[in-house]
Structures are given as structure tokens and as C-alpha cells.
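Visitor: Listed here are the chains, written in short residue letters.
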Amino acid sequence: MNDTLEMPRTAPAPKLVAKESKPVKKVLIICSKGKLEDVYAALIMANGALMEGIEAKMFFTFFGLEAITRKHADRLHTATVGNPAFMPDMPTVVAGLPGFEAFASYMMKKEMDKLEIPRVTEFIEMIDAAGGEIYACKLAADMFHLGMDDFLPEVKDIITVGDMYALAEGEGTQIIFI
Amino acid sequence: METLVNVPALATTEEGYLKNHKEWNEDWARETAVQYGIDLTDKHWALLRWLRQKNEEGVALTIRKVANSGLADIKQFYQLFPGGPLKVSSKIAGIPKPVSCI
Chain A
466 MNDTLEMPRT APAPKLVAKE SKPVKKVLII CSKGKLEDVY AALIMANGAL
516 MEGIEAKMFF TFFGLEAITR KHADRLHTAT VGNPAFMPDM PTVVAGLPGF
566 EAFASYMMKK EMDKLEIPRV TEFIEMIDAA GGEIYACKLA ADMFHLGMDD
616 FLPEVKDIIT VGDMYALAEG EGTQIIFI
Chain B
303 METLVNVPAL ATTEEGYLKN HKEWNEDWAR ETAVQYGIDL TDKHWALLRW
353 LRQKNEEGVA LTIRKVANSG LADIKQFYQL FPGGPLKVSS KIAGIPKPVS
403 CI
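Chains as they are written, first to last, in the working numbering: chain A, 466 to 643; chain B, 303 to 404.
Check before you lean on any hint, since a few could be wrong.
[Stated by the list, open to error] As a list, the in silico DMTMM-like pairs of lysine to aspartate or glutamate whose alpha-carbon atoms are at most 20 Å apart: (1) B:Lys377 with A:Glu590; (2) B:Lys367 with A:Asp593; (3) A:Lys575 with A:Asp539; (4) A:Lys490 with B:Glu317; (5) A:Lys536 with A:Glu634; (6) B:Lys377 with A:Glu520; (7) A:Lys487 with B:Glu317; (8) A:Lys574 with A:Glu598; (9) A:Lys603 with A:Glu587; (10) A:Lys536 with A:Asp615; (11) B:Lys356 with A:Glu581; (12) B:Lys324 with B:Glu359; (13) A:Lys490 with A:Glu517; (14) B:Lys321 with B:Glu359; (15) B:Lys377 with B:Asp344; (16) B:Lys367 with A:Glu581; (17) B:Lys367 with A:Glu576; (18) A:Lys484 with B:Glu317; (19) A:Lys579 with A:Asp539; (20) A:Lys490 with A:Glu520; (21) B:Lys377 with A:Glu576; (22) B:Lys377 with A:Glu619; (23) B:Lys377 with A:Asp615; (24) B:Lys389 with A:Glu517; (25) B:Lys399 with A:Glu576; (26) B:Lys321 with B:Glu333; (27) A:Lys536 with A:Glu587; (28) A:Lys574 with A:Asp503; (29) B:Lys377 with B:Glu333; (30) B:Lys389 with A:Glu520; (31) A:Lys487 with B:Glu316.
It should be emphasised that the hints constitute simulated quantities derived from the structure, not laboratory data. Please read all numbers here as calculations on a predicted model, not as lab measurements.
Put together the whole structure using the sequences plus the hints.
Guide: Laid out in C-alpha cells, this is it:
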């Protein structure tokens, strides 16, 4: 035995294992909300995927249908009431005054303009031109009495939830729900 | 893969962006494009030159700005540089990785 101090024992370094790269190949983004920030989150993620060479499909349901409805797409609002992160010091009674929500939404859109974030309709045109596909939910469309004529021209079809899952088919697909 | 001979390799980042955009030359661009399965046409060259010029001017590039350049619309841009047009074209143009989310 030797007299020298024992070398401190350390755990053996983990062996490097070649990691198999499994990139995201497709995203299916479901947008169920009609608030400005929720719709933009969905649009930015879909467009961002296409920019990376990832396939993107979008499915709009419930209030999310507002985003693809001709009359409302560019008139989405952000909620000033029931939205504690937005102007936390603003009393609800003030935030609920007539016109306040419209004003807040206008201010938010102005900020977005500065960052060159396109309007909803232009964003949808961009996604369509980039090869993304946009669908409306049949059940929600029936409920709100909306047909293909009410939707933006980029909307490909009104489909069932089963058809929606078929869109997600394939390995490397991620479903994102908003 | 078809590669051109006598094209000196240039230093790139791990993701394949040219480290020094001043080293960029047309032969290198041609060969880099081949790696992405692209045979550069006049349309590609016009876009690459435009990208380089805008980068020189310090413009933060986005797909929307490319579409407003009048050289190609969004659809054409995606067709010319498949698999992520702004990133692929930036690599071939020898300019830094685009940092825009839109």
C-alpha cells in the first residue's frame, strides 16, 4: 500500500452518448381564443415554424374563429378587465369604462406596429404564402353560424376534430393549444 | 454531392454562418448553395446581393422586408430557398444569423 494521501474519489464522468437528433418536423397549432395576444402567439409560432423549415397547420376554434373571420380579424382586442398582468394598478372599474378596452388595444397595436408585427390578415396571408395551412373548426363554426364566406380566403376548409388530428399525422409532430 | 473544386473553405459558425462576411465570394456562395440543394439563378443572386447590402446598412432582416424588396414575394422566397428561406439565404449570402421572430 502506498503512504500518500488517497486521491479523492469522484464519480466517473458520464459516458458521452451520441444523442439522436429528433427535430420537430411539424406543428399543429390550435387557437381557441380571440384575444389579440392569444391570436398573435398562435400566428407568431406558426410563422416562426415555417421560417425554420417546419411544416405548420393551424386550427381555429371557438373564439379563435374571430381571427379568421373577415369582419373581425383586424379588430381583435386585448382584455383590460380580468387580465391582472395588464396595467396591474388600474382599478377594474376604470378598466371597464366604455372605450377603455378599445383604447388599450389601439395602444398595443401601435406598439406592435413599431416592431413591424403585421396585422392579423397580413400575417395569415404570410403564413399561407409560406405553405402553412389554416382550418376552421366545424362545431364552433356551426355554433356561431359561420360559413366559408365569412372566413378569410386563406382558410382552406371547415373540418371536424377528427380531421384536425389527421393533420397532425406523422413522426415529429407537436400539437400546441392556445 | 456535387462540389466545386478549388473553392477555399471559409470559417463558419457551428450553424454554418460565415464568421467574416468580408471573406465572402461568389464561388463560396455557389458551393454553399449546392449543399442546400440550390442551383443559384439570377433571381437568387439578386436576392443575395440585396441581403448583403441591407446587412451592410445595418438593417435587421425579416421575411417581410425581403417580400417588400420587390425581388421576390413570400411564396417565391420560400421556393427559391427551401427549408427556412431567411436562414438559408443568409448563410449563402455570408451574413450573420437573422435574429427576427417574424
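Visitor: The structure should be examined with respect to each hint, and the outcome stated for every one.
Guide: Hint by hint, here is what the structure shows:
Note on Lys377 (chain B) and Glu590 (chain A): the hinted pairing holds, with a Cα-Cα distance of about 10 Å set against a maximum of 20 Å. Between Lys367 (chain B) and Asp593 (chain A) the alpha-carbon distance is near 17 Å, which keeps this suggested pair within the 20 Å criterion. The suggested pairing of Lys575 (chain A) with Asp539 (chain A) holds, with an alpha-carbon distance near 13 Å, which does not exceed 20 Å. A C-alpha spacing of about 18 Å is found between Lys490 (chain A) and Glu317 (chain B), which places the hinted pair at or below 20 Å, so the restraint holds.
For the hint pairing Lys536 (chain A) with Glu634 (chain A), the CA-to-CA distance comes to about 32 Å; that exceeds 20 Å, so the pair is violated. For the given pair, Lys377 (chain B) sits about 14 Å from Glu520 (chain A) by alpha-carbon distance, which is consistent with the 20 Å threshold. At roughly 17 Å between alpha-carbon atoms, Lys487 (chain A) and Glu317 (chain B) fall within 20 Å of each other, so this suggested pair holds. Distance restraint check for Lys574 (chain A) and Glu598 (chain A): the Cα-Cα separation of roughly 25 Å exceeds the 20 Å cut-off, and the hinted pair is therefore not satisfied.
Simply put, Lys603 (chain A) and Glu587 (chain A) have alpha-carbon atoms about 24 Å apart, too far for the 20 Å limit, and the pair is violated. A threshold of 20 Å between alpha carbons decides the hint, and for Lys536 (chain A) with Asp615 (chain A) the separation of about 8 Å falls inside it, so the pair holds. Our distance criterion of 20 Å between C-alpha atoms is met by Lys356 (chain B) and Glu581 (chain A), whose separation comes to about 17 Å. At roughly 14 Å between alpha-carbon atoms, Lys324 (chain B) and Glu359 (chain B) fall within 20 Å of each other, so this suggested pair holds.
Among the hinted pairs, Lys490 (chain A) with Glu517 (chain A) is consistent with the structure: their alpha-carbon atoms are about 10 Å apart, no more than 20 Å. A distance of roughly 18 Å separates the Cα atoms of Lys321 (chain B) and Glu359 (chain B); the hinted pair therefore holds under the 20 Å criterion. Proposed proximity of Lys377 (chain B) and Asp344 (chain B) is supported: the alpha carbons are some 17 Å apart, at most 20 Å. Restraint check for Lys367 (chain B) and Glu581 (chain A): the C-alpha separation of about 10 Å stays at or below 20 Å, so the hint holds.
As the CA atoms of Lys367 (chain B) and Glu576 (chain A) are separated by approximately 18 Å, the hinted pair is consistent with the 20 Å bound. For the proposed pair Lys484 (chain A) and Glu317 (chain B), the alpha carbon gap of about 17 Å is at most 20 Å, so the pair holds. Restraint check for Lys579 (chain A) and Asp539 (chain A): satisfied, since their Cα atoms lie roughly 17 Å apart, inside the 20 Å limit. For the proposed pair Lys490 (chain A) and Glu520 (chain A), the alpha carbon gap of about 6 Å is at most 20 Å, so the pair holds.
Distance restraint check for Lys377 (chain B) and Glu576 (chain A): the Cα-Cα separation of roughly 28 Å exceeds the 20 Å cut-off, and the hinted pair is therefore not satisfied. Taking the CA atoms of Lys377 (chain B) and Glu619 (chain A), the gap is about 14 Å. The hint holds against a cut of 20 Å. Between the alpha carbons of Lys377 (chain B) and Asp615 (chain A) the distance comes to roughly 25 Å, so the proposed pair goes past 20 Å and is violated. Taking the CA atoms of Lys389 (chain B) and Glu517 (chain A), the gap is near 8 Å; set against the 20 Å cutoff, the hint holds.
Distance restraint check for Lys399 (chain B) and Glu576 (chain A): the Cα-Cα separation of roughly 25 Å exceeds the 20 Å cut-off, and the hinted pair is therefore not satisfied. Our distance criterion of 20 Å between C-alpha atoms is met by Lys321 (chain B) and Glu333 (chain B), whose separation comes to about 17 Å. Straight-line distance between C-alpha atoms of Lys536 (chain A) and Glu587 (chain A) comes to about 14 Å, which keeps the hinted pair within the 20 Å bound. Distance hint between Lys574 (chain A) and Asp503 (chain A) is fulfilled; the C-alpha atoms sit about 14 Å from each other, no more than 20 Å.
Taken as a hint, the Lys377 (chain B) and Glu333 (chain B) pair is broken in the structure, with Cα atoms around 24 Å apart against an allowance of 20 Å. At roughly 16 Å between alpha-carbon atoms, Lys389 (chain B) and Glu520 (chain A) fall within 20 Å of each other, so this suggested pair holds. Our distance criterion of 20 Å between C-alpha atoms is met by Lys487 (chain A) and Glu316 (chain B), whose separation comes to about 18 Å.
The structure fails to meet hints 5, 8, 9, 21, 23, 25, 29 from the earlier list, while all remaining hints are met.
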